[in-house]
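S.K.: Chains as they are written, first to last, in the working numbering: chain Z, 1 to 113; chain A, 1 to 113.
Treat the hints with care, since some could be wrong.
[What the hints assert, rightly or not] Derived list of chain Z stretches under chain A, where covered just means 3 residues or more per stretch with a C-beta under 8 Å from a C-beta of chain A: (1) 23-35; (2) 73-84; (3) 101-111.
[Unchecked claim] As a list, the in silico DSS-like pairs of lysine-lysine whose alpha-carbon atoms are at most 30 Å apart: (4) A/K14 to Z/K71; (5) Z/K110 to A/K9; (6) Z/K68 to Z/K58; (7) A/K14 to Z/K42; (8) Z/K42 to A/K9; (9) Z/K100 to A/K71; (10) A/K71 to Z/K42; (11) A/K57 to Z/K71; (12) Z/K42 to Z/K110; (13) A/K9 to Z/K100; (14) Z/K42 to A/K57; (15) A/K57 to Z/K5.
Keep in mind that the hints were calculated from the coordinates and are not lab data.
Here the structure is a predicted model, which is why all the values come from computation and not from measurement.
For each residue, glycine too, the CB sits at the ideal point set by N, CA and C.
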Amino acid sequence: QQQVKQSPQSLIVQKGGISIINCAYENTAFDYFPWYQQFPGKGPALLIAIRPDVSEKKEGRFTISFNKSAKQFSLHIMDSQPGDSATYFCAASMHSGTYKYIFGTGTRLKVLA
Amino acid sequence: NAGVTQTPKFQVLKTGQSMTLQCAQDMNHNSMYWYRQDPGMGLRLIYYSASEGTTDKGEVPNGYNVSRLNKREFSLRLESAAPSQTSVYFCASTQGTGGDEQYFGPGTRLTVT
C-alpha cells in the first residue's frame, strides 16, 4: 500500500517533443505528489508538486496531471529540450501524520538534439 | 546559504570498516532524512528525524545507525560496512511533515570492497 509505481524506466524523446512519465499509488491517504529532477552527480531537486484538490498544475513547460479516482498522476514536459535530459522521480506523502516520502523508481529521460 | 551539505563526496571502504557520513542544513528545518539510491530502485529511506532529539527507522535501516546531533546536523554511521552498502547516499531536510518540499544534499558515493 505504500508503493508508488513509476513508468517508463527510460524514455527517449526528440527535441521539441512531449515527454510523459506516469506514476500510480495505492494509499488514498497520500495528499502531496511532488516530482523531482536529478542531473548526473547531483541530488534531486523539486520540479513541481500537486495536491489532490486540483486535477492539473502547470509551471512553464512542465505540467502535472492528477487523476484521483484512478490513483494516478503524470508529468508532461512540453517542447522537450536536451537540457531536460535527467532522471525524474515521482513521490507521494501526506501533509499530516507522517514525515515519510515514498519515491518511484525513477525515469531516465534523454532528449535528442 | 549553502542548503544541505554532505561530507565526504566519495569514500571507498573495505568490508568490516566503519565510517560516518555527515550532513548539515542551514535552513532551520525541523526534519532530516537519509536515503540510499541504487540503480533501478529509486530513493529508499534509511532513517529520518522528525525533530531534534528524535530518530525513526525507514524502509532499509539494517546495518546503519544515526545521530541527530542538533537541529542542523544529522549523521549516518556504518558500523561494519558490507558490499551491499555500496550506494549513493543522500541527506535531505524539510521544514515540517510530509507535504513540504524536501531539499537534498549533493550525495556521498560509497564503495565497499
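S.K.: Evaluate each hint against the coordinates.
M.R.: Here's how the hints hold up against the structure:
1. 23-35: Since three or more residues must qualify, the claim that chain A covers the region 23-35 of chain Z holds, with 3 doing so at under 8 Å.
2. 73-84: violated (count 0)
3. 101-111: holds (count 5)
4. A/K14 to Z/K71: Violated - the C-alpha atoms of Z/K71 and A/K14 are around 44 Å apart, more than 30 Å.
5. Z/K110 to A/K9: The hint holds at about 26 Å.
6. Z/K68 to Z/K58: holds (17 Å)
7. A/K14 to Z/K42: holds (25 Å)
8. Z/K42 to A/K9: Holds. Z/K42 to A/K9 sits at ~11 Å (cutoff 30 Å).
9. Z/K100 to A/K71: Holds, at roughly 18 Å.
10. A/K71 to Z/K42: holds (24 Å)
11. A/K57 to Z/K71: The hint holds at about 27 Å.
12. Z/K42 to Z/K110: holds (17 Å)
13. A/K9 to Z/K100: holds (25 Å)
14. Z/K42 to A/K57: holds (25 Å)
15. A/K57 to Z/K5: Distance ~22 Å between A/K57 and Z/K5 Cα, so the pair holds.
Hint compliance for this structure: hints 2, 4 are not met, and every other hint is.
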